[in-house]
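Enquirer: The hints should help you fit chain B onto chain A, whose structure is shown.
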Amino acid sequence: QEKVQQSPESLIVPEGAMVSLNCSFSDSASQSIWWYQQHPGKGPKALISIFSNGNKKEGRLTVYLNRASLHVSLHIKDSQPSDSAVYLCAVSGNYAQGLTFGLGTRVSVFP
Amino acid sequence: DPKIIQKPKYLVAVTGSEKILICEQYLGHNAMYWYRQSAKKPLEFMFSYSYQKLMDNQTASSRFQPQSSKKNHLDLQITALKPDDSATYFCASSRDRGGNTEVFFGKGTRLTVV
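Taken in sequence, the protein lines are chains A and B. Read in my numbering, the first sequence has 80 at position 80, and its numbers run on one by one without any break. Read in my numbering, the second sequence has 1113 at position 113, and its numbers run on one by one without any break.
One should not assume that every hint holds.
Unchecked claim - With a Cα cut of at most 20 Å, we get these calculated EDC-like pairs of lysine to aspartate or glutamate:
(1) B/K1041 to A/E9
(2) A/K42 to B/E1044
(3) A/K45 to B/E1102
(4) A/K3 to B/D1056
Claimed, not checked - Residues from chain A shown here face chain B by an in silico Cβ test under 8 Å; the list is partial:
(5) Q31
(6) K42
(7) L88
(8) G93
Said to hold, decoys possible - Covered stretches of chain B (chain A as the covering partner; in silico rule of three or more C-beta atoms under 8 Å from a C-beta of chain A):
(9) 1047-1058
(10) 1102-1114
Honestly, the hints are just simulated from the structure, not real lab data. Even glycine gets a Cβ: it sits at the ideal position worked out from N, Cα and C.
Just chain A, with the same shape it has in the complex (with noise of 0.2 Å):
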């Protein structure tokens, strides 16, 4: 069974700063790692994909994966306190088990 941790548990910054997350998972034979961005009462949105071991990068956010290590972290830059929400790490595996989720980040900006 895939297992996904994430790191911090919360994390608050100042508006204009990076914001790093952390997620590693279990199983090398993952599928396409994915992270989500959730707000109060809200379903989760999907913000970016990998699939491939190194780097993408989609507007502010960069996400970087390792799969020897079993790690994919997101880099959120020049965040905006509309950046402030929960981030979910996703690892999609064997088709039964659906996604596969973490915990979480808490991500808060302020002005």
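Expert: Chain B in isolation, oriented as in the chain A frame:
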């Protein structure tokens, strides 16, 4: 403009009763899912449907029964409700069941069992 509609938004039920959670998606997707989010636990995969057929069931209890009357509908019937069933239930969908396909989530139904 929500593309995945879940009803109701909030639900309070008495222990032992039965409830149905409604979900419709207007994204034209072929795969639909139910996930559950309980306090202090990660979002947990429950079921997947593809072209109205049950494909995967990760829920140990038969008290949870998904029902698909149309391709874009996937309801969840829960019988003999217990306080432990209290959680937010999310309906989701994707173009297909592939692991590299983006999964879209509804806003959830928050169920409280008293």
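Enquirer: Go through the numbered hints given earlier and state which of them the structure violates, listing their numbers in rising order.
Expert: none
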